[in-house]
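Using our numbering, the letters of the sequence shown correspond one by one to residues 1 to 541.
FYI, nobody ran anything at the bench for these hints, they're computed from the structure. Since the structure is predicted, the reported quantities are computational estimates derived from the model, not experimental observations. One should not assume that every hint holds.
[As the list claims (entries may be wrong)] With a cut-off of at most 30 angstroms between alpha-carbon atoms, the simulated DSS-like pairs for lysine-lysine come out as follows:
| id | residue 1 | residue 2 |
| --- | --- | --- |
| 1 | Lys106 | Lys482 |
| 2 | Lys95 | Lys131 |
| 3 | Lys216 | Lys199 |
[To be verified] Pair ranges (Cβ atoms, derived):
| id | residue 1 | residue 2 | range |
| --- | --- | --- | --- |
| 4 | Glu510 | Asp234 | 48 to 54 angstroms |
| 5 | Val157 | Leu212 | 17 to 23 angstroms |
| 6 | Gly276 | Trp20 | 19 to 25 angstroms |
| 7 | His235 | Val462 | 44 to 50 angstroms |
| 8 | Arg75 | Ala183 | 28 to 34 angstroms |
| 9 | Asn498 | Thr204 | 36 to 42 angstroms |
| 10 | Gly405 | Glu510 | 41 to 47 angstroms |
| 11 | Thr204 | Trp464 | 55 to 61 angstroms |
| 12 | Arg33 | Glu299 | 20 to 26 angstroms |
| 13 | Ser105 | Glu466 | 30 to 36 angstroms |
| 14 | Arg75 | Ala440 | 35 to 41 angstroms |
Quick reminder that beta carbons are idealized off the backbone N, C-alpha and C, glycines included.
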Amino acid sequence: MAQAATAEKSQYSEASEICWRGDEAHNRRQLWRSILQEAYEMACPWRNPYAEVTDGGPIPMPNLFDSTAMISTFRTANRLLTDLVPPDQSWVEIKPGPVLSMRMSKAQEAELAKTLFQIQQIIVMVFKSDKFINSIWEAFLDMLVSGLGAMLVLENVHNDTEPLIFITASQAEISVEDGPDGAPAAIFRRPRVKPRNIKRLWPTAKLNDELLEMLKDNKKSNKAVELMEVTELDHKSGKWVYRVFYRKKGDDPHQLVMQEHDTCPWILFPWSKIPGCEYGPGPVLLSLPDIRTANKVVEFQLKNAALALAGMYLVQDDGVVNPDTIQIIPGGMIPVKSTGGSMGASMTPLPVGRDFDLSQFILADLRTGIRQSLSDQSLPPADGTRRSATEIIERMRVLTSDFGGAVGRLTSALVALVRRVADVLGRRGMIPKVKIDNFALRVQVNSPLAQAQQLSLVEKVVRWIEICQTIGGPQLTALVAKLEEILVWIGGQIGVPNDLIRDVTERAAERKKMEDMAAMQAAAGMDTAQAAGGMGGMQPA
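Working from the sequences, and respecting the hints, build out all of it.
What follows is the structure, given as structure tokens:
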């Protein structure tokens, strides 16, 4: 009896401590609320998690006058989607890691690559689903505004055609706790879920009596309740522990779900990070001063235009002017004792500043700065004359330089995403269980942005071959450079599918065919020469 009480107390203490940590992490995130709320209002008002509106109602924008930040944010999110995870391309490739490559022969590695290619094709089909595309696009929007996008990847037990659930977390719900190494060690979320949907999201959830009573009432089952979702790394086992709690004020937290995962269910997309802090600013926060100023300039322009069009007028009044009755608005009338001269006209226009050309120059600079901060810079058209290899590489380099160091962090997040999807599909038996640890197996992201980082090395190799051909000609180049291996390597770097590149065995067979054909042609030439020589040596009778 005493042991049971001790175990219950220990469980209660652990649940309370976990939820307390979640509350503390949420309070730290709330320190960013005011500036995040303003950033969302200016750049992405329809996704503002802090807007006070009714469920499903439109979000008003009474103080938004300039749409530059809003348009650039959506354009950049679309660009990230098409250049980082293009829906119509296979942007991920699973390859043997350095450890396996060191221990396997070329033929064995090529055979393994064929198996990995089949696994890769199944994973790619998951990334082509509409739900994934919508979720990661929303995560990109959050990342551009707040500096952090977060997507939860869960197994969809009830659906075999869509084996995974992708949920993009609102910035008002999610908070992060860093470990001693500065990496995220715990992710907390406060989702609001309708009781009738709890079992749909978590089929193994253990509901308490209160939630079971709610399910019996249609109104209560449709009214969302707040949960505490905790995902933390167990440093001893190396697994991620995923828990969901239901809390009611004054009661102990009730644990609905507890699961262990080999991979983290959360995929975090950080744009930047401040040392000593779990978060960092996104491009919208970095350009917020320009966004504020541009919005105010446009507001003044509209007010000035309204005054110029409708005007303001002085109305003669023999009484004493009451300042409370004066309204500086378009079409307003200001009572004065005299409108000019001894008597003056009964009504006369009040001169106002009609020229606002200076604001156009200020606004143009501000809008340019906003677009540059959001990497909303259009490339020159790709049509026209045929492009050289150097021009193509330079165009790809522009893509990388626009996004800077964020490309590396986003690529790491995509590798974690592939690892998570492979883990879930392997657990469901849809693919063989594979461990992607960058040593035995590794992931190569072949999206345009990721390839742009690899093209600098490709450019060096291409230039070296060009120099060799210029100095020594084709024969010396073939003697010095492993052209066959170089061409295969370049194809892998720029994302050419494996099934379009001949492996070692196929190349050996093709080489033998070419040698046999050359030998046959040489033999045929010798026979022809001998026949011609024999005919030339015959004496006339």
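Hints, one by one, checked against the model:
1. Lys106 - Lys482: 15 angstroms, holds
2. Lys95 - Lys131: Measuring from Cα to Cα gives roughly 27 angstroms; hence the hint holds.
3. Lys216 - Lys199: 14 angstroms, holds
4. Glu510 - Asp234: 48 to 54 angstroms: At 52 angstroms between Cβs, range holds.
5. Val157 - Leu212: 17 to 23 angstroms: 21 angstroms, holds
6. Gly276 - Trp20: 19 to 25 angstroms: The hint (19 to 25 angstroms, Cβ to Cβ) holds, given that Gly276 and Trp20 are roughly 22 angstroms apart.
7. His235 - Val462: 44 to 50 angstroms: 46 angstroms, holds
8. Arg75 - Ala183: 28 to 34 angstroms: Check passed, 31 angstroms falls within 28 to 34 angstroms.
9. Asn498 - Thr204: 36 to 42 angstroms: 39 angstroms, holds
10. Gly405 - Glu510: 41 to 47 angstroms: 43 angstroms, holds
11. Thr204 - Trp464: 55 to 61 angstroms: 58 angstroms, holds
12. Arg33 - Glu299: 20 to 26 angstroms: Roughly 24 angstroms apart at Cβ, these two residues keep to the hinted range, so it holds.
13. Ser105 - Glu466: 30 to 36 angstroms: Hint holds: Cβ distance 33 angstroms, inside 30 to 36 angstroms.
14. Arg75 - Ala440: 35 to 41 angstroms: 40 angstroms, holds
In summary, this structure violates none of the numbered hints.
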